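A.B. asks: Take a look at the letters that make up each chain.
There are 2 protein chains.
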Amino acid sequence: MKNFEFEPPYYAVIFTSQRNSVELGYAEMADRMVELAAQQTGYLGVESVRGADGLGITVSYWRGLQDIAAWRRQGEHEQARNQGRADWYSHYALRIAKVERAYGWDAADGSADPMLASRG
Amino acid sequence: MKNFEFEPPYYAVIFTSQRNSVELGYAEMADRMVELAAQQTGYLGVESVRGADGLGITVSYWRGLQDIAAWRRQGEHEQARNQGRADWYSHYALRIAKVERAYGWDAADGSADPMLASRG
Numbered sequence: 232m233k234n235f236e237f238e239p240p241y242y243a244v245i246f247t248s249q250r251n252s253v254e255l256g257y258a259e260m261a262d263r264m265v266e267l268a269a270q271q272t273g274y275l276g277v278e279s280v281r282g283a284d285g286l287g288i289t290v291s292y293w294r295g296l297q298d299i300a301a302w303r304r305q306g307e308h309e310q311a312r313n314q315g316r317a318d319w320y321s322h323y324a325l326r327i328a329k330v331e332r333a334y335g336w337d338a339a340d341g342s343a344d345p346m347l348a349s350r351g
Numbered sequence: 232m233k234n235f236e237f238e239p240p241y242y243a244v245i246f247t248s249q250r251n252s253v254e255l256g257y258a259e260m261a262d263r264m265v266e267l268a269a270q271q272t273g274y275l276g277v278e279s280v281r282g283a284d285g286l287g288i289t290v291s292y293w294r295g296l297q298d299i300a301a302w303r304r305q306g307e308h309e310q311a312r313n314q315g316r317a318d319w320y321s322h323y324a325l326r327i328a329k330v331e332r333a334y335g336w337d338a339a340d341g342s343a344d345p346m347l348a349s350r351g
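Chains as they are written, first to last, in our numbering: chain C, 232 to 351; chain W, 232 to 351.
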């Protein structure tokens, strides 16, 4: 994950969600939120996966807690969250976590454990 | 996520991985690691999703850093990680993060923002 190699500490927002079967408007909202988040101060990146059963995990990375709070107050984001609860999700969990250590590995690096290697 | 409602602080291990096309042995290893993790001291739970494109996010939750370190030293887990680098992954990132705040929402709770509600 070359594009996420930031030096800790930084913050992760872990959003685990179960989608219901309502498709109308969801994909457009999800794309728009990724686009909008990337414009916010302190945004570092996002990783997002949804499985065939509708369970999804999105982790967004931020420089500081104040950046997360500002993104939370962003008007279009707030509206999307409200619509999410009304229309698109069955349940979700949201966790705010401070990343203390981070390691990356790529097959091109060979098979050694990256946690045992010294990193710059 | 009723089964993850633990009071912070606790720890999250965020494992984001890109699978290659080698299927042999992968599913069995993944199931076994979930089973084995659940037997470790300090294990709180796991959330895991893999998309059709092979990108996956697994977040496991632990009471403390010492529990994560012990799980890391577990022999069968270490062997699985080594095989993962040799056989199953193109690249991955691993982050260890301290969960400072956690919120849950379920459609049965109504549409109010859980971050605005007081929680016990």
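If you're looking for bench data, these hints aren't it; they were derived computationally from the structure.
Among the clues, some could well be false.
No farther apart than 20 Å at their CA atoms in a straight line, the calculated lysine to aspartate or glutamate pairs in the EDC-like style are these [as the list claims (entries may be wrong)]: (1) C:Lys329 / C:Glu238; (2) C:Lys329 / W:Asp337; (3) W:Lys329 / C:Glu238.
Covered by chain C, per the in silico footprint, the following chain W stretches (three or more residues, Cβ under 8 Å) [to be verified]: (4) 312-325; (5) 334-343.
Please read these numbers as outputs of a predicted model, since none were measured by experiment.
All C-beta atoms, glycine included, are put in the ideal place defined by N, C-alpha and C.
A.B. asks: It remains to establish, for every hint, whether it holds in the given structure.
C.D. replies: Going through the hints against the structure:
Between C:Lys329 and C:Glu238 the CA atoms are separated by roughly 12 Å; this keeps the pair inside 20 Å, and the hint holds. Restraint check for C:Lys329 and W:Asp337: the C-alpha separation of about 25 Å exceeds 20 Å, so the hint is violated. For the given pair, W:Lys329 sits about 15 Å from C:Glu238 by alpha-carbon distance, which is consistent with the 20 Å threshold. Counting residues of the segment 312-325 of chain W whose beta carbon lies closer than 8 Å to any beta carbon of chain C gives 10, which meets the minimum of three for the stated coverage.
Coverage of a stretch by a chain is defined here by at least three residues with a beta carbon nearer than 8 Å to that chain's beta carbons; for the segment 334-343 of chain W and chain C the count is 7, and the condition holds.
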